[in-house]
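Residues per chain, in single letters:
2 protein chains.
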Amino acid sequence: MDLYEAIKGRRDVRSYFKPDPIPDEVLARILHAAHLAPSVGFSQPWNFIVVKDRAIRERIKEEAERQRRRYEELLTEDRKAIFNKIKIEGILESSLNIAVTADCTRFGPHVLGRITMPETCQYSVVLAIANLWLAARAENVGVGWVSFLDKELVKRILEIPDHVELIAYLTMGYVTSFPERPELEEKGWNTRLPLSDLVYQDRWGRKNEDLRRALEETKV
Amino acid sequence: MDLYEAIKGRRDVRSYFKPDPIPDEVLARILHAAHLAPSVGFSQPWNFIVVKDRAIRERIKEEAERQRRRYEELLTEDRKAIFNKIKIEGILESSLNIAVTADCTRFGPHVLGRITMPETCQYSVVLAIANLWLAARAENVGVGWVSFLDKELVKRILEIPDHVELIAYLTMGYVTSFPERPELEEKGWNTRLPLSDLVYQDRWGRKNEDLRRALEETKV
Numbered sequence: 001m002d003l004y005e006a007i008k009g010r011r012d013v014r015s016y017f018k019p020d021p022i023p024d025e026v027l028a029r030i031l032h033a034a035h036l037a038p039s040v041g042f043s044q045p046w047n048f049i050v051v052k053d054r055a056i057r058e059r060i061k062e063e064a065e066r067q068r069r070r071y072e073e074l075l076t077e078d079r080k081a082i083f084n085k086i087k088i089e090g091i092l093e094s095s096l097n098i099a100v101t102a103d104c105t106r107f108g109p110h111v112l113g114r115i116t117m118p119e120t121c122q123y124s125v126v127l128a129i130a131n132l133w134l135a136a137r138a139e140n141v142g143v144g145w146v147s148f149l150d151k152e153l154v155k156r157i158l159e160i161p162d163h164v165e166l167i168a169y170l171t172m173g174y175v176t177s178f179p180e181r182p183e184l185e186e187k188g189w190n191t192r193l194p195l196s197d198l199v200y201q202d203r204w205g206r207k208n209e210d211l212r213r214a215l216e217e218t219k220v
Numbered sequence: 001m002d003l004y005e006a007i008k009g010r011r012d013v014r015s016y017f018k019p020d021p022i023p024d025e026v027l028a029r030i031l032h033a034a035h036l037a038p039s040v041g042f043s044q045p046w047n048f049i050v051v052k053d054r055a056i057r058e059r060i061k062e063e064a065e066r067q068r069r070r071y072e073e074l075l076t077e078d079r080k081a082i083f084n085k086i087k088i089e090g091i092l093e094s095s096l097n098i099a100v101t102a103d104c105t106r107f108g109p110h111v112l113g114r115i116t117m118p119e120t121c122q123y124s125v126v127l128a129i130a131n132l133w134l135a136a137r138a139e140n141v142g143v144g145w146v147s148f149l150d151k152e153l154v155k156r157i158l159e160i161p162d163h164v165e166l167i168a169y170l171t172m173g174y175v176t177s178f179p180e181r182p183e184l185e186e187k188g189w190n191t192r193l194p195l196s197d198l199v200y201q202d203r204w205g206r207k208n209e210d211l212r213r214a215l216e217e218t219k220v
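From first to last, the protein sequence lines stand for chains A and B. Per the UniProt record's numbering, the first sequence starts with residue 1, numbered consecutively. Per the UniProt record's numbering, the second sequence starts with residue 1, numbered consecutively.
No lab work stands behind these hints, which were simulated from the structure alone. Predicted model, so just to flag it, every value in this text is computed and none were measured. Heads up, some of the hints might be wrong.
The list cannot tell twin chains apart, which means a pair is met if one copy fits it or any two copies do.
[Unchecked claim] The calculated lysine-lysine pairs, modelled on BS3-like cross-linking and capped at a C-alpha distance of 30 Å, are:
1) Lys-8 to Lys-52
2) Lys-8 to Lys-219
3) Lys-61 to Lys-219
4) Lys-18 to Lys-87
5) Lys-80 to Lys-219
6) Lys-219 to Lys-187
7) Lys-207 to Lys-61
Let's have the full structure, built from the sequences with the hints guiding it.
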């Protein structure tokens, strides 16, 4: 699949999962794409725990429901009404889940490039997730990132060691469709910001007229 | 460009920049790709400061040199010898630099999905950087992430407000070549880990034999 098509067509999937299994060779291609991501000092701090077990997924879903209720209580009535129409996870409906972790001790302690920005360890794992997400789209597999979870609780359920950090809990599966626009945009939760408002030149807040025009006229 | 080709051919460029300018419409496509990244609660917390000014870049390069020396002092003699062959940045040789930031107050305070994982704000910006990096590769533009920098110092130089966080300082430009392998692998800094060692099933440390075989037999 063309890169720009994958970027435009990628979605955060919660509502459209089908139960069809993902063949191991498809999953392997997606994981290899993740493993080809850049990492600070070539430290490759990621691990991937493929979660298929139903009982484990049920425990994690229960936790997501609990966090959903906690979040709902913070919202105004207007926002609550929109939020209640939004599905936040497809933990059980998807074909499998993947927990993605960061081991920042790997190739340590002095990983090249991390002296002033230790968080580039975790960021490297996020870059791997980005590759995974796009490769999945090219394989017609949907991915949803579930963040309504207490990380320490998920770590205990999956027996992840203390020194390893949970970066993301993903749900993956074939889908009935990849909607045209993000669900949160469709449902009126937020709007897409104009990119030309977000790009500056040489210092914060300063616009360049030629670049602004190019940003407004360009489509990908 | 095919997605898997972009993923395989993407490099963290420090040594191969050419000074040729990047046309605004090419830069616009690359930034649009970044803006199409997923973000927690569709919060789009990113800004992009395109840095072309020579004097600003010189100040930032000076800081990278200083951090390089600090890091070098931590290394054993063996590692120092390898490190001294490695170029860590192409701040002046590249065509332009881009500072990428996170404004975690945007659409706040209660961004959907951030209640238990506030760091998904910063992670969203990293996902945008991943898209940018791959789109640049498809446009034959190299990208290098320079992390030998004190973020607060860079923020002051670029007049970035207090509540906005610097996530990455990137260098971008056309290149003489995209090397076959990462430079840190070529120069013997680290080795590529076997992916099948990094993938578990249902809990940390447990392997699945079928998936292990698929991972070892699959190429992308």
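Hint-by-hint comparison with the structure:
no.	hint	verdict
1	Lys-8 to Lys-52	both (29 Å within a copy, 28 Å between copies)
2	Lys-8 to Lys-219	both (11 Å within a copy, 25 Å between copies)
3	Lys-61 to Lys-219	neither (39 Å within a copy, 34 Å between copies)
4	Lys-18 to Lys-87	within (15 Å within a copy, 48 Å between copies)
5	Lys-80 to Lys-219	neither (34 Å within a copy, 46 Å between copies)
6	Lys-219 to Lys-187	within (24 Å within a copy, 39 Å between copies)
7	Lys-207 to Lys-61	between (45 Å within a copy, 23 Å between copies)
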